[in-house]
Amino acid sequence: MTDAAVPLLEARGITRLFGSFAANRDVSLAIRAGERHALLGENGAGKSTLVKMIYGVLAPSAGEFRWEGRAVEIASPAAARDMGIGMVFQHFNLFDALTVAENIALALPGERMRGLGARIAEVSRAYGLAIDPNRAVHSLSAGEKQRVEIIRCLLQAPRLLIMDEPTSVLTPQEGALLFATLRRLSDEGVAILYISHKLDEVRALCEAATVLRAGEVVAECDPRAVSSAEIAALMVGRDVAQVGRADGAAAGPVRLAIRSLSLPAPSQFGTALHEVSLDVRGGEILGIAGVAGEGQSELMQALIGERRAPRPEAIAVDGRAVGHLGPDARRLAGAAFVPEERAGHAAVPEMGLPENVLLSHHRAERLSGPAGWIRAGRTAAWAARVRTAFDVRAGGAHPRAGSLSGGNLQKFVVGREILREPGVLVVNQPTWGVDPGAAVVIRQALIDLARRGAAVLVISQDLEELFAIADRVAVIHTGRLSAPRPVGELDAETVGLLMGGADPGADRDDRHPAEAHA
Amino acid sequence: MIPRLEARAEPSALMTLASPVIAIGLTLVAGAVMFALMGRDPAEALWVYFVSPFMDGYSRAELVVKAVPLALIGAGLAVSFRANVWNIGAAGQYVAGAMAGGLVALGAPEATGTAWFLLYLAAGVTGGLVWAAVPALLRTRFNANEILVSLMLTYVAALMLDWAVRGPWRDPLGFGFPQSRDFTATFQMPVILEGTRLHAGVIVAVVVAVALMLMMGRTMRGFELRVIGAAPRAGAFAGFSQAGAVWFALLLSGGLAGLAGAIEVSATVHQLQPDISAGYGFVAIIAAFLGRLNPAGALFGGLVLAVSYIGGENAQILLKLPKNVTGIFQGMLLFFLLGCDTLIRHRIIWRRRAAA
Chain A
2 MTDAAVPLLE ARGITRLFGS FAANRDVSLA IRAGERHALL GENGAGKSTL VKMIYGVLAP
62 SAGEFRWEGR AVEIASPAAA RDMGIGMVFQ HFNLFDALTV AENIALALPG ERMRGLGARI
122 AEVSRAYGLA IDPNRAVHSL SAGEKQRVEI IRCLLQAPRL LIMDEPTSVL TPQEGALLFA
182 TLRRLSDEGV AILYISHKLD EVRALCEAAT VLRAGEVVAE CDPRAVSSAE IAALMVGRDV
242 AQVGRADGAA AGPVRLAIRS LSLPAPSQFG TALHEVSLDV RGGEILGIAG VAGEGQSELM
302 QALIGERRAP RPEAIAVDGR AVGHLGPDAR RLAGAAFVPE ERAGHAAVPE MGLPENVLLS
362 HHRAERLSGP AGWIRAGRTA AWAARVRTAF DVRAGGAHPR AGSLSGGNLQ KFVVGREILR
422 EPGVLVVNQP TWGVDPGAAV VIRQALIDLA RRGAAVLVIS QDLEELFAIA DRVAVIHTGR
482 LSAPRPVGEL DAETVGLLMG GADPGADRDD RHPAEAHA
Chain B
12 MIPRLEARAE PSALMTLASP VIAIGLTLVA GAVMFALMGR DPAEALWVYF VSPFMDGYSR
72 AELVVKAVPL ALIGAGLAVS FRANVWNIGA AGQYVAGAMA GGLVALGAPE ATGTAWFLLY
132 LAAGVTGGLV WAAVPALLRT RFNANEILVS LMLTYVAALM LDWAVRGPWR DPLGFGFPQS
192 RDFTATFQMP VILEGTRLHA GVIVAVVVAV ALMLMMGRTM RGFELRVIGA APRAGAFAGF
252 SQAGAVWFAL LLSGGLAGLA GAIEVSATVH QLQPDISAGY GFVAIIAAFL GRLNPAGALF
312 GGLVLAVSYI GGENAQILLK LPKNVTGIFQ GMLLFFLLGC DTLIRHRIIW RRRAAA
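Quick note, the sequences are listed as chains A and B, same order. Heads up: the first sequence at position 357 corresponds to 358 in the working numbering, and the numbers run straight through without jumps. Heads up: the second sequence at position 171 corresponds to 182 in the working numbering, and the numbers run straight through without jumps.
These are computed hints drawn from the structure, not numbers from a lab. Where a beta carbon is used, it is the ideal one built from N, C-alpha and C, also for glycine. One or more of the hints may lead you astray.
To be verified - A few chain B positions that, by computed beta-carbon distances, are all more than 10 angstroms from chain A:
| hint | residue |
| --- | --- |
| 1 | Gly187 |
| 2 | Phe234 |
| 3 | Gly250 |
| 4 | Leu330 |
As the list claims (entries may be wrong) - To give a feel for the contact side, a few chain A residues facing chain B, derived at Cβ under 10 angstroms:
| hint | residue |
| --- | --- |
| 5 | Arg160 |
| 6 | Asp223 |
| 7 | Arg225 |
| 8 | Gly306 |
| 9 | Ala330 |
| 10 | Ala347 |
To be verified - Quick list of the computed label-pair ranges, beta carbon to beta carbon:
| hint | chain 1 | residue 1 | chain 2 | residue 2 | range |
| --- | --- | --- | --- | --- | --- |
| 11 | A | Arg126 | B | Ser252 | 39 to 45 angstroms |
| 12 | A | Gly373 | B | Phe65 | 38 to 44 angstroms |
| 13 | A | Gly373 | B | Leu184 | 35 to 41 angstroms |
| 14 | A | Arg71 | B | Asn156 | 36 to 42 angstroms |
| 15 | A | Arg486 | B | Leu159 | 35 to 41 angstroms |
| 16 | A | Gly373 | B | Ala122 | 58 to 64 angstroms |
| 17 | A | Ala398 | B | Ile203 | 39 to 45 angstroms |
| 18 | A | Ala398 | B | Glu17 | 45 to 51 angstroms |
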């Protein structure tokens with residue numbers, strides 16, 4: 002079919018300007034048919050911009066794309082699909098209230114519902130993507146939703162499939178299944194463009210890689226032939242420090258105790274918490290693993306105090322029952338929190354950094370005076386301390402929080418809490434979407450805080466992260482928490498099984514919590 | 012060449028302030044076109060409309076008199092809108108305040124002394140509070156939309172006033188006109204500039220607007236409202252109460268609208284009539300936006316809109332233009348203002364369309 006010498010897709014000197022800022026500068030890359038090609042780079046390196054141009058969402062400012070050797074202009078996603086380019090986005094574009102087949106039919110104009118079910122079944126069998134076309138999408142797990150997205154692409158017989166950070170929502174087992182599917186597709190001649198920052202994955206799956214840094218191609222390599230550390234150094238532009246962990250740190254007294262915490266789901270698509278119990282001791286980092294949407298946000302809300310616990314003693318900080326108290330009172334009791342969503346939850350993007358310090362410290366650090374006057378000087382000094390201590394880089398003297406890069410804003414919201422020297426710190430997704438340099442700083446700060454005697458609870462969907470910093474790990478699934486085990490006794494396989502709902506040693510049906518609980 | 016909007020990396024501080032000025036300019040241009048279409052000389056009409064109100068001392072005082080209720084209500088609305096609480100029913104709270112004041116003034120015709128007048132003003136505030144408490148309660152209890160509830164209550168208030176001045180409060184010596192007895196001197200706002208109607212209410216408006224500006228910028232209460240308005244989840248993280256913010260915003264803006272109603276009646280007509288509202292409660296929304304949702308900015312917004320009222324009256328008298336022109340100008344101003352506000356977060360790019 003295709004001349005092996007001519008790449009399926011070639012980018013030549015692609016530049017994309019936003020105002021005077023070049024998100025991509027003179028980027029060239031070539032993908033052959035059947036190739037599994039990784040696109041690597043830090044957050045903000047220009048991966049998304051490049052992919053959006055390939056998929057016709059953005060137009061390049063300069064340079065050209067060639068499809069099988071011919072110069073093409075990809076004017077829209079529809080044009081990209083017509084050429085044979087399919088894309089699975091990181092965030093799903095599915096209607097929760099519709100069934101799998103209905104969702105797929107919506108994406109295939111001119112396709113009749115009749116017979117579609119059979120075609121879906123056929124594709125899902127051929128590529129090992131088990132899914133029932135008649136199920137409603139809201140009842141699917143994240144991994145299943147991703148399968149729907151992939152099947153939707155495959156029904157259009159793509160020749161190039163773009164996958165954007167596909168494993169962020171998957172258990173390791175689901176990830177392995179995805180890799181098998183992708184290998185089968187590439188064996189059939191479909192090219193895969195795989196975007197990721199998880200280096201081990203890329204080394205396991207891909208045979209070629211293009212590394213972007215600050216919008217430019219800095220390296221092309223065979224990821225199987227180089228080490229993860231070398232790739233990381235290419236991405237960041239310097240050697241990435243490894244975190245030093247506090248092995249064998251003597252566990253102190255229980256500083257955060259959760260006792261049979263149950264809460265109903267906050268909304269139709271939320272997750273209820275069932276009898277969550279946990280002790281976190283001073284000096285240790287306890288990790289909670291789990292795929293997205295298994296009750297992590299609900300647990301976080303309950304711990305912050307945004308939703309009160311039914312009983313005061315359901316949550317205790319340093320022996321003091323705080324379940325009935327609001328966030329401020331819990332902070333005064335010595336707890337600190339960093340929710341998952343930086344912009345909009347942990348910080349107000351429209352406001353400056355001092356006001357964002359005020360957000361969580363107004364009472365705990367007495368940043369407001371009598372009659373509620375804000376102590377502007379003290380507040381600004383606090384913000385300056387955070388910026389210095391955590392090397393938060395921002396433009397201008399009074400930047401808005403929303404103008405900071407993801408990594409810098411995350412360093413700010415984590416640093417803001419750590420500088421209080423809390424006795425208990427609860428962090429949800431401490432390094433999600435953060436560049437490797439900032440991730441190391443944040444992880445090291447968490448470890449150091451625990452070394453100084455604080456109890457640190459880290460909720461994360463990144464298993465590598467938990468294995469790197471946690472002393473013990475528990476797994477959350479459908480709002481239930483497994484018993485924590487020391488990291489030394491665990492491997493990714495075991496945790497992955499727990500994340501998928503299998504509970505070695507207990508016999509119950511986790512998909513139907515109400516019955517299992519009766 | 013086709014204009015295209017492109018998102019700015021940062022909201023433009025310059026455009027935030029320039030937008031009202033550009034909008035006023037565009038309103039004048041569109042107004043000139045409108046007058047030309049009506050067969051009038053645009054230059055003369057615009058002169059009568061927008062210059063004549065400044066030409067003599069009495070008119071200038073009248074501008075301030077009109078601006079007082081607009082600024083008082085607008086300052087409260089600015090706070091409320093900043094908290095993302097959309098009180099659209101200030102017109103009803105204004106009427107409720109005027110009626111509550113009327114209860115005192117008409118009920119105590121023999122009363123004398125400043126204390127009675129202060130009681131009258133307090134009654135006005137209370138009337139507005141009570142009227143605004145209804146949407147606050149329904150929003151916090153049943154998640155009912157405060158825009159609809161507060162708006163619909165304006166009609167209830169207007170009909171109540173209409174009924175009262177045709178019924179129990181009708182002036183027996185009023186030749187059957189729907190109006191109450193005149194307020195006694197005790198319940199009349201003191202005039203502060205002899206020969207005009209300029210009254211002490213202007214001091215109240217300035218003090219309230221400046222105090223609210225300080226509250227929004229310098230105190231935890233204002234910070235809380237701004238956080239909840241900009242990022243409700245961050246408000247919950249901080250430990251701020253969403254319901255508390257709804258109550259505070261509605262009661263504050265409602266109370267001030269009630270106060271404005273009581274002040275206006277005591278300062279100008281000295282009696283209750285069906286048309287005391289003059290649309291101030293709605294026009295003050297434009298004043299709040301013109302003032303960039305800064306309570307002190309509402310003073311400026313109130314003055315600008317006062318020009319449209321006085322100019323409209325002059326145009327009616329001198330040019331025989333219909334009264335509705337005033338409403339058209341106010342509507343165009345809001346229209347252009349909201350349009351120009353797009354340029355705070357976006358810029359216009361002129362470029363040839365890329366070949367498809």
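Notebook entry, point to check: What are the numbers of the hints the structure violates, in ascending order?
Noted result: Hints 2, 3, 5, 6, 7, 11, 13, 14, 15, 16, 18 not satisfied by this model.
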